[in-house]
Amino acid sequence: MFESIKNYFYNKISASRAVHRTYIIPTLDGLKVIALNATLLVIGLVYANNYVLLFNFILFCLFLGSMFYTHFNLSGIKLESVQFPSLHVNENGTALLHFSTKNAQGHSFIRAYFKSSIIEISDEKSTFPIHFGHSTTASLSIKGIKRGKEKIQSLYIETQFPFNFFRCFTFFRIDQECYTYPERVNFNIHEELEIVETSTDEGDDFFLRDYQTGDSLKRVDWKKLAQTNRWYTRQYQSAKPKPILLVLDKTPVEDTLKSICFSLHALHHQNIKYGIKLKHDVLISPENSPKHLNHCLIELARYET
Amino acid sequence: MKLKFITAAIIAINVLMLSQDIPINVIVFTIAGLALSFLVSGKKLRIFFKIALLIGSFVLLRFHFKTLLVTESAVSFALILSSLKFWELDEERDHFNMFLILALCECSVFLINPLFFIFIFGMAKMIFYFYYILKIRNYDISALNYKRLLLLVFPSIALSLLLFYTFPRFTSGFINTSEMQYIISGGNSKIDFKELGPLSLSTESAFKVYGLEESNLPFKILYWRSSVLWQMSNGEWRSFNNNLKEKNQTVPLGKLKYDIELFPTYKEYMPVLDGSSSIVSASQNFNSYSDGSFRLKTISRGSLTYSAVGDYGVRPLAFSSLMEKKGLSLKSERSEEIRTNYFSKATNSASDEARLKELIQIFKAKEFEYTTAPPMYASLEDFLISGKGGYCSHFAAAFTYLARLYNLPSRMVVGYLGGEFNPYDGSVLVKEMDAHAWVEIYIKEKGWIKIDPTALVAPERITMSTEEFNNRLNPYITILNFQISRDTFKFSALNDFSLWIDSLNSKFNNNIFNFDRDKQLAVLRSITPGKMSVGWIFSLSLIIFMFIFWAIYYFYGKSKSDPEIKRYNRFIKKMNSYGLVKAPHETISTFRDRCLHSIPQESNMIESEVAHYINNFYK
Numbered sequence: 006m007f008e009s010i011k012n013y014f015y016n017k018i019s020a021s022r023a024v025h026r027t028y029i030i031p032t033l034d035g036l037k038v039i040a041l042n043a044t045l046l047v048i049g050l051v052y053a054n055n056y057v058l059l060f061n062f063i064l065f066c067l068f069l070g071s072m073f074y075t076h077f078n079l080s081g082i083k084l085e086s087v088q089f090p091s092l093h094v095n096e097n098g099t100a101l102l103h104f105s106t107k108n109a110q111g112h113s114f115i116r117a118y119f120k121s122s123i124i125e126i127s128d129e130k131s132t133f134p135i136h137f138g139h140s141t142t143a144s145l146s147i148k149g150i151k152r153g154k155e156k157i158q159s160l161y162i163e164t165q166f167p168f169n170f171f172r173c174f175t176f177f178r179i180d181q182e183c184y185t186y187p188e189r190v191n192f193n194i195h196e197e198l199e200i201v202e203t204s205t206d207e208g209d210d211f212f213l214r215d216y217q218t219g220d221s222l223k224r225v226d227w228k229k230l231a232q233t234n235r236w237y238t239r240q241y242q243s244a245k246p247k248p249i250l251l252v253l254d255k256t257p258v259e260d261t262l263k264s265i266c267f268s269l270h271a272l273h274h275q276n277i278k279y280g281i282k283l284k285h286d287v288l289i290s291p292e293n294s295p296k297h298l299n300h301c302l303i304e305l306a307r308y309e310t
Numbered sequence: 089m090k091l092k093f094i095t096a097a098i099i100a101i102n103v104l105m106l107s108q109d110i111p112i113n114v115i116v117f118t119i120a121g122l123a124l125s126f127l128v129s130g131k132k133l134r135i136f137f138k139i140a141l142l143i144g145s146f147v148l149l150r151f152h153f154k155t156l157l158v159t160e161s162a163v164s165f166a167l168i169l170s171s172l173k174f175w176e177l178d179e180e181r182d183h184f185n186m187f188l189i190l191a192l193c194e195c196s197v198f199l200i201n202p203l204f205f206i207f208i209f210g211m212a213k214m215i216f217y218f219y220y221i222l223k224i225r226n227y228d229i230s231a232l233n234y235k236r237l238l239l240l241v242f243p244s245i246a247l248s249l250l251l252f253y254t255f256p257r258f259t260s261g262f263i264n265t266s267e268m269q270y271i272i273s274g275g276n277s278k279i280d281f282k283e284l285g286p287l288s289l290s291t292e293s294a295f296k297v298y299g300l301e302e303s304n305l306p307f308k309i310l311y312w313r314s315s316v317l318w319q320m321s322n323g324e325w326r327s328f329n330n331n332l333k334e335k336n337q338t339v340p341l342g343k344l345k346y347d348i349e350l351f352p353t354y355k356e357y358m359p360v361l362d363g364s365s366s367i368v369s370a371s372q373n374f375n376s377y378s379d380g381s382f383r384l385k386t387i388s389r390g391s392l393t394y395s396a397v398g399d400y401g402v403r404p405l406a407f408s409s410l411m412e413k414k415g416l417s418l419k420s421e422r423s424e425e426i427r428t429n430y431f432s433k434a435t436n437s438a439s440d441e442a443r444l445k446e447l448i449q450i451f452k453a454k455e456f457e458y459t460t461a462p463p464m465y466a467s468l469e470d471f472l473i474s475g476k477g478g479y480c481s482h483f484a485a486a487f488t489y490l491a492r493l494y495n496l497p498s499r500m501v502v503g504y505l506g507g508e509f510n511p512y513d514g515s516v517l518v519k520e521m522d523a524h525a526w527v528e529i530y531i532k533e534k535g536w537i538k539i540d541p542t543a544l545v546a547p548e549r550i551t552m553s554t555e556e557f558n559n560r561l562n563p564y565i566t567i568l569n570f571q572i573s574r575d576t577f578k579f580s581a582l583n584d585f586s587l588w589i590d591s592l593n594s595k596f597n598n599n600i601f602n603f604d605r606d607k608q609l610a611v612l613r614s615i616t617p618g619k620m621s622v623g624w625i626f627s628l629s630l631i632i633f634m635f636i637f638w639a640i641y642y643f644y645g646k647s648k649s650d651p652e653i654k655r656y657n658r659f660i661k662k663m664n665s666y667g668l669v670k671a672p673h674e675t676i677s678t679f680r681d682r683c684l685h686s687i688p689q690e691s692n693m694i695e696s697e698v699a700h701y702i703n704n705f706y707k
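In order, the protein sequences belong to chains A and B.
Note that the numbering used here numbers the first sequence so that position 223 is 228, with each residue one more than the last.
Note that the numbering used here numbers the second sequence so that position 193 is 281, with each residue one more than the last.
It should be emphasised that the hints constitute simulated quantities derived from the structure, not laboratory data.
Note that the coordinates shown come from a computational prediction; the quantities given were computed from them, not determined experimentally.
One thing to keep in mind: the hints can contain errors.
Unchecked claim - Derived DSS-like pairs: lysine-lysine, alpha-carbon spacing no greater than 27 Å straight-line:
1. A:LYS247 to A:LYS278
2. A:LYS151 to A:LYS296
3. B:LYS213 to B:LYS90
4. A:LYS107 to B:LYS419
5. B:LYS92 to A:LYS130
6. B:LYS308 to B:LYS595
7. A:LYS37 to B:LYS213
8. A:LYS107 to B:LYS646
9. A:LYS284 to A:LYS151
10. A:LYS37 to B:LYS138
11. A:LYS130 to B:LYS223
12. B:LYS538 to B:LYS419
13. A:LYS130 to B:LYS90
14. A:LYS37 to B:LYS90
15. A:LYS130 to A:LYS154
16. B:LYS92 to B:LYS131
17. B:LYS282 to B:LYS454
18. B:LYS654 to A:LYS107
19. A:LYS107 to B:LYS235
20. B:LYS92 to A:LYS37
21. B:LYS131 to A:LYS11
22. A:LYS83 to B:LYS646
23. A:LYS130 to A:LYS156
Stated by the list, open to error - Examples of chain A residues lying across from chain B (beta carbon under 8 Å, computed):
24. TYR52
25. ASN54
26. PHE60
27. PHE62
28. TYR74
29. PHE77
30. SER80
31. GLY81
By construction, the Cβ of each residue, glycine as well, lies at the ideal position given by its N, Cα and C atoms.
Take these sequences, add in the hints, and give me the full structure.
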């Protein structure tokens with residue numbers, strides 16, 4: 006019997022530890038209301054004025070009621086997933102937060118924030134509702150403030166609804182890794198090296214036309230011949246631009262990084278192969294793909310001056 | 089901007105409500121502060137003006153009140169502070185701070201005018217203001233829908249009422265107002281003849297009497313006795329009755345038993361029916377005097393209730409050599425001049441009664457006239473020689489003077505005349521405008537005889553109610569040179585409504601404002617087991633209500649499960665009681681088959697429940 010009681014309490018304690026904790030503290034407005042309550046209580050007692058006392062008690066009970074209400078407005082909330090975009094300094098992006106709730110009444114005026122030295126929330130006062138029954142995706146406008154890499158450890162969720170007398174908050178461990186790339190500015194102060202390729206490969210930018218006498222056998226599309234049993238010749242559109250290596254070898258480093266960042270995007274959109282060389286530390290050979298762009302930008306973000 | 093105008097309106101309303109109790113220069117200062125804030129632009133100039141006004145307000149209060157530690161000074165400061173805070177209403181935070189200052193101002197209004205409707209009006213103002221503060225916050229007020237609002241407000245109000253009634257009232261107030269001197273029209277302890285200006289026709293309620301509805305007394309012409317003015321010195325009449333204090337009050341066996349509720353003005357004396365009245369119980373300490381007056385030990389600032397017994401019109405008999413000496417004392421340098429003017433042809437009869445009749449004739453022969461706005465007289469003697477128009481105080485003072493001069497012990501009695509019966513609560517309401525003064529003359533054979541000199545001048549003042557008489561005296565109201573008859577504004581329905589409102593106000597006042605320590609103890613002892621201390625009851629109430637608050641929100645936030653799922657869960661639970669547990673991999677049909685095999689006697693129930701489940705969730 007004692008064993009079963011022991012197990013019961015052990016399970017209860019374990020369960021209570023597993024519950025996500027919420028914290029509630031009075032705001033500055035709440036402290037002012039407490040001060041007003043104390044003043045009114047003194048006035049009511051000194052003058053033995055029951056109306057002042059009654060007014061004081063009504064104010065006090067609304068204060069107490071708002072404490073329960075604010076806590077109720079946050080309890081039962083659960084963060085399902087979080088998605089932080091990587092973005093450039095001084096450029097805006099949107100973090101997506103997926104919530105679900107056990108509270109049948111949902112939640113109103115929830116504010117989310119996090120501590121970061123490289124990203125900030127564009128509008129700190131912006132709030133969003135969370136509805137019961139289906140997961141809610143909340144968009145959080147963020148802005149890059151400093152180049153770098155950081156692990157955002159916790160996401161804070163808070164509410165001060167309805168009277169701003171109390172601040173109820175909780176936090177979720179997210180351990181989200183974020184990058185903020187350098188700002189894109191067309192300073193054009195970095196060095197660009199054209200790379201001469203030894204390969205004779207003329208690329209894929211061609212169309213097929215019927216084979217004519219005198220055409221080089223090198224340009225015959227052998228695959229097509231095998232498939233269709235007809236002779237085709239590859240007609241190349243234009244000469245392929247040469248790959249470019251963006252080089253960081255001088256100061257000011259930050260401005261040069263911004264300049265490289267601008268060029269990276271420009272070359273990516275022009276479909277030109279690009280690589281980067283950051284002094285003697287980083288060398289990435291030329292390529293042109295989204296993955297490659299991301300790789301280069303990450304290196305620019307985490308480059309230590 | 090809208091909220092700024094609402095704030096200005098609330099401050100203006102507070103000024104209006106406090107206008108009778110705070111000095112006019114504070115009102116002007118507050119209004120000027122509000123007006124200036126609209127006119128002065130420029131940040132530096134505004135800061136300069138704000139600081140100047142703040143310093144100015146301190147100087148003004150110090151100059152006016154001498155000491156800042158009086159209630160009126162604090163109330164005035166709260167009002168001025170609200171007008172100064174009005175200068176910086178830019179952000180949401182400023183509005184909230186303004187809300188706190190306005191809340192203090194509201195409490196000032198409650199201190200000065202502790203009436204239930206004033207309280208309700210004050211609460212409405214604060215709620216209205218707070219609603220607008222919520223609106224300018226970063227969220228929309230519509231999210232706080234009516235259901236959520238009720239969930240917040242109802243328990244809060246219930247809890248506040250519980251705390252109000254259980255909060256230990258270990259004090260009846262620390263502020264002692266005995267040092268304060270105020271001039272009260274119907275219960276004065278003194279009258280300075282030189283200061284008698286136009287008659288106050290205030291409709292403010294003075295006191296209310298319960299228990300007289302079946303007495304058949306003529307309420308419109310009842311005399312209510314407050315104070316007795318014995319001493320006359322250089323035109324100033326004072327009660328001076330300290331040496332007439334009764335150690336043990338003798339309670340006469342009267343047939344009238346009534347309760348009086350004195351309204352919160354600064355009363356020093358407790359009005360009772362003129363005659364042989366005694367006060368049997370009162371919510372504040374008082375002294376009784378052998379001249380039939382009852383004086384509070386400290387001036388009453390708040391509401392006061394007391395019970396009295398006695399008979400109307402039965403003259404008090406107490407008389408002593410001290411009273412005779414007091415009743416004949418006359419300190420006047422011009423007494424011989426008055427004697428020559430009035431009594432040159434008097435026969436000076438030996439009998440008191442004959443002399444009184446003679447005095448009445450002499451007084452009548454002077455042909456005084458009743459007016460509510462007499463000229464200011466430099467002295468009582470001036471009035472007696474060259475005066476004509478006056479009102480009750482003039483006539484009573486003059487008659488007492490003449491009686492003493494004619495060797496008749498006399499005293500001036502100050503109180504009220506009249507009252508209005510309220511059928512809604514069976515009370516008689518006496519207003520400040522009913523204030524009256526008359527004279528008592530001691531006749532050896534009959535005791536103290538009541539003489540109303542006003543009746544000798546204008547008999548209809550006594551037979552008619554004060555309001556009717558005043559309307560007859562001044563039948564027109566003049567607005568911008570237009571004379572409008574008072575009958576234009578006479579609506580019986582409106583009068584009925586005001587009586588109903590008045591009765592309601594009295595009920596609330598009795599239950600809320602007059603809820604003092606004794607009442608609290610009586611109520612709580614009657615509803616709690618044993619002699620539970622008030623402190624414990626208060627703490628328990630707080631804890632219980634905190635729990636109720638929590639429970640309300642807990643159940644409000646709990647999701648309601650589908651009734652069909654509940655039914656299914658009940659079925660599964662019942663099967664568990666037979667030892668049949670549904671395995672996670674098992675479908676409902678296979679589980680049904682297993683159950684039918686194990687407990688065939690429950691086959692009907694199993695079939696129907698499973699069929700119901702399949703119908704609901706799979707078809």
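Using the nearest Cβ pair, does A:TYR52 come within less than 8 Å of chain B? 6 Å, holds
Hint check: A:LYS130 vs B:LYS223, CA-CA at most 27 Å. Holds or violated? 15 Å, holds
Grab the minimum C-beta distance from A:PHE62 to chain B and call the hint holds if it beats 8 Å, violated otherwise. With Cβ-Cβ at 4 Å, under 8 Å, it holds.
Are the Cα positions of A:LYS107 and B:LYS646 separated by 27 Å at most? 8 Å, holds
Hint consistency between B:LYS131 and A:LYS11 [alpha-carbon to alpha-carbon, up to 27 Å]: 70 Å, violated
Hinted pair A:LYS37 and B:LYS213, Cα distance within 27 Å: 20 Å, holds
Given hint B:LYS419 paired with A:LYS107 - CA-CA distance at most 27 Å: 89 Å, violated
Hey, A:LYS151 versus A:LYS296, does the alpha-carbon distance stay inside 27 Å? 23 Å, holds
Does A:TYR74 pass the interface hint, meaning its C-beta sits closer than 8 Å to a C-beta of chain B? This hint holds: A:TYR74 lies near chain B, its Cβ roughly 5 Å from the closest one there, short of 8 Å.
Measure nothing beyond the straight line between the CA atoms of B:LYS213 and B:LYS90; if it is 27 Å or shorter, mark the hint as holding. 15 Å, holds
So if I understand the rule, the pair passes when the alpha-carbon distance is 27 Å or less; does A:LYS130 with B:LYS90 pass? 23 Å, holds
Assess, step by step, whether the Cα of A:LYS37 is no farther than 27 Å from the Cα of B:LYS138, and give holds or violated. Given that 27 Å is the threshold and the Cα spacing comes to 23 Å, the pair holds.
Checked against the numbered hints above, the structure violates hints 4, 21; every other hint is satisfied.
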